[in-house]
Amino acid sequence: MPAVASVPKELYLSSSLKDLNKKTEVKPEKISTKKTTFILYLDLQTSKKLLKKLRDSLKALNSDMKKLKFGKNLKKRTDRRKSSYRNRKSRKQKERMIAHQIKVLWKMYWMPKTKPKR
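Residue numbers (our numbering): 300 to 417.
Rather than coming from a laboratory, the hints here were simulated on the basis of the structure.
Incorrect hints may appear among the rest.
[Stated by the list, open to error] The calculated lysine-lysine pairs, modelled on DSBU-like cross-linking and capped at a C-alpha distance of 30 Å, are: (1) K391 / K406; (2) K365 / K351; (3) K391 / K402.
[As the list claims (entries may be wrong)] Pairwise CB distance ranges, derived in the manner of DEER restraints: (4) K391 / K366: 26 to 32 Å; (5) S346 / F369: 32 to 38 Å; (6) M364 / I397: 37 to 43 Å; (7) K393 / K365: 28 to 34 Å; (8) R395 / L360: 56 to 62 Å; (9) N361 / K391: 36 to 42 Å; (10) M364 / F337: 37 to 43 Å.
The model shown is predicted, which means the values in this text are computed figures rather than measured ones.
Ideal Cβ positions, reconstructed from N, Cα and C, are used throughout, including at glycine.
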């Protein structure tokens, strides 16, 4: 972007358009772009941080809403307690069956074998 001169320009009278264009040509001043680019970089970084915080907060809010919805649906279910009782009961039965199988195997392989009396 060309810089605006602080001193007003003089009016030129010339016979050709070429001379007039040369004299009225605006030359840009040397401006340090390092500072402006650094400021733009900082603005971008802060906006990125804000966006990341916003995204994280939205994710947390979304997960909280899912948990609340799941809890409400769980409270509405009437068979919740019955099914958990059934699961506990079946788990106990499985544990008993495994314990029984272990006892049988132990008796088969590790018990001292004695000859039956006649």
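### Message
To test your reading of the hints: which numbers does this structure violate?
### Response
8
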